[in-house]
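Chemist: The chain contents come next:
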Amino acid sequence: MSKIVMNSNAFMTRKDVVCFGVLAVLLLAVFPTVLDPFRLNLFGKYITYGFVALGLVLCWGDTGILSLGQGVFFGLGGYCMAMYLKLEASTVEATKIQSTPGIPDFMDWNQLTELPYIWKPFHHLGFAIVAIPLVPVVLALVIGFAMFKRRVGGTYFAIITQALASILTILIIGQQGYTGGVNGITDLRTLDGWDIRTDGAKLILYFGSAILLLASMVLAQFIRRSKLGRILVAMRDKEDRVRFSGYDVASFKIFVFCFAAALAGIGGAMFTLQVGFMSPSLVGIVPSIEMVIYCAVGGRTSIFGAIYGTLLVNYARTTFSEDLPQVWLFAMGALFIAVVMVFPDGLAGIYRRYVDPHVERLLGVTRKPAGQITTSDTASAVVE
Amino acid sequence: MLFGYSLGDLGSIMAMQGFAGLILFSVFLLMALGLAIIFGQMGVINMAHGEFMILGAYVTYLNSQAFTAWMPSMFAASFAVGIVFAFFAAGLAGMFVEWALIRHLYKRPLDTLLATWGLSLIMQQIFRSIFGAREVGVELPGWMMGSVSASASIDIPINGIIVMVLTLMITIAVYLLIFRSNWGKQVRAVVQNRGMASAVGIDTGRVDRYTFGIGCGIAGVAGSAFTMIGSTSPTAGQLYIVDTFLVVVFGGAGSLGGTIASAFTISQARSTLEFFLSGSMAQVVVLLAVVGILMLRPQGLFVLKVRR
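One line per chain: the protein sequences are G and R, in this order. First residue of the first sequence: 1, per this note's numbering; consecutive thereafter. First residue of the second sequence: 1, per this note's numbering; consecutive thereafter.
It cannot be assumed that every hint is accurate.
As the list claims (entries may be wrong) - Straight-line C-alpha distance at most 30 Å; calculated DSS-like pairs for lysine-lysine: (1) Lys-107(R) - Lys-238(G); (2) Lys-185(R) - Lys-149(G); (3) Lys-185(R) - Lys-227(G); (4) Lys-202(G) - Lys-45(G); (5) Lys-15(G) - Lys-45(G).
To be clear, the hints were calculated from the coordinates, so they are not data collected in a lab.
Okay, chain G solo, but in the shape it has when bound (with noise of 0.2 Å):
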């Protein structure tokens, strides 16, 4: 009799611990040791963007809404603990040749003369923490609420919320005094008193974002085996069923696009301490495409995948920015019509039918586990 390791309730299948074993392994320990620390300081910065992956994929993988504001939330998110770092880097005696000692440099280039109000809270540390998730989830809470209320979904959602990162960005290059404009916030120092520039400083803060991703990871891992996620794949695959079951679809869409934007604000604010400014140049609608493309190229329904396609497409883009940075906007494109054309589950999906059967002979796994997902026959609803 085949033996049954699967439990499609289980939290987490034996398969699913040797996953996340590889990956902690390969972030923990192979990275810190390979590379080094220039490199390493640069795979934390694709660490955090593994954070708007792991969101996508429970939010557009699972839930099939796609959001091409992620970078609005990933801008937030840093730019709420850049405002801390910021003010804290402004002691009245570091910037004592201003004409305002003890604000920001770049309001005393633009003729501010006191603090804005809606920069006084970030004095203090306890309330950037706070901040950084809460700002992100409290505007996605309000577009989600207007827009799942009413029905408002594909691609409606998507040109709106691309429209969000166009309008943050022009905004924050437009409002120069108080957001330091196109430059961003920049010559961040310490934390809490802590030097963030040494190598030490950023070696720890690498293993504090991996770290961070993984546990991320762990809650998605729940979120996505409860109840609540089957109910997320259900509501992609047949809203209306969902529906007229008696479920308040657009509850469950409002969680899955607030906790999105959390885990984006978690992985700004990462994203700002390793690498020690940030600017409106990540908020707008190039890198928030961008990161969906990470997570497509990963595998829209893996968590696993959509942090290997991550670092993968960003080490890619690194490398080729370096040598040859002509060919990588064409490598791009031909990325992004790729992953839609030919292989819609990305690394996943390649993984899953060529490299899984070998695994689960290795581990002793006869059977396919309940629930597989693919995505490449989704069709998403518009307006109604």
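Following the hints, complete the assembly by docking chain R onto the known chain G.
Modeler: Same frame as chain G, but now just chain R:
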């Protein structure tokens, strides 16, 4: 007396500001018309629409270069020829894209969005490789430059008038094509019920290809018109794509009147606000207002009553 202007001056400022808004309206409408066909009728999100527009602009540029080099005596006619070339170049490119890419994705609108975004990146890089990253300007024939003095203090630029006339002509043409011609009837039939349309003998694949091609061709004409008032660069298309989509969605997809009304509202609101606020804030306020209204009224301003 206000801000040191006399009442007559203020009237002239308002008139010229209003006219600037009308030119913006024409460009918006030209771009939105192509999208209104592709997105409004076919439901396909074409993120590369801006790049088809830039393709038209570059074709116009090449055309004017060719006229300068080989037929300087005929230069006065160069622009009209440029528009025709732009239409066919962008249209044929569009038909090719539909055949290679879009037709496989009709059932997956979100994936179409990603694929066409990839297409737009590739097209941008092609433009950059051929024409360089710098902006190019098209030399206009003498009769299209200068301005008409409507009164002592009001000057109306001639190229603005030409853009508006062109927009008017193309709007009428699109209206006749979609709502009055036999072919438009086929397009609408395919959109509403593909299977049934096919059953009564409409070649749906062909209709799709031509619809997409004509939408892209109109984008090319928009690009051609765009060269009259601005210069062309490889990434210029991306700047307009969000605005254009919002125009179409705001007007209500599938409604030509809605597209016209929303292009008018958005462009006038923006050019009026630009007089009071900075340019970027005017853009933010208008975009936020549009998004806000769309959240309250997701179907857009005008809705075609269609039984689904």
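Chemist: If a hint holds in the structure, say so; if it doesn't, say that too.
Modeler: Going through the hints against the structure:
1. About 15 Å separates the Cα atoms of Lys-107(R) and Lys-238(G), which keeps this hinted pair within 30 Å; it holds.
2. Straight-line distance between C-alpha atoms of Lys-185(R) and Lys-149(G) comes to about 35 Å, which puts the hinted pair past the 30 Å bound.
3. For the suggested pair Lys-185(R) and Lys-227(G), the alpha carbons sit about 47 Å apart, so the restraint of at most 30 Å is broken.
4. The suggested pairing of Lys-202(G) with Lys-45(G) holds, with an alpha-carbon distance near 11 Å, which does not exceed 30 Å.
5. Restraint check for Lys-15(G) and Lys-45(G): satisfied, since their Cα atoms lie roughly 28 Å apart, inside the 30 Å limit.
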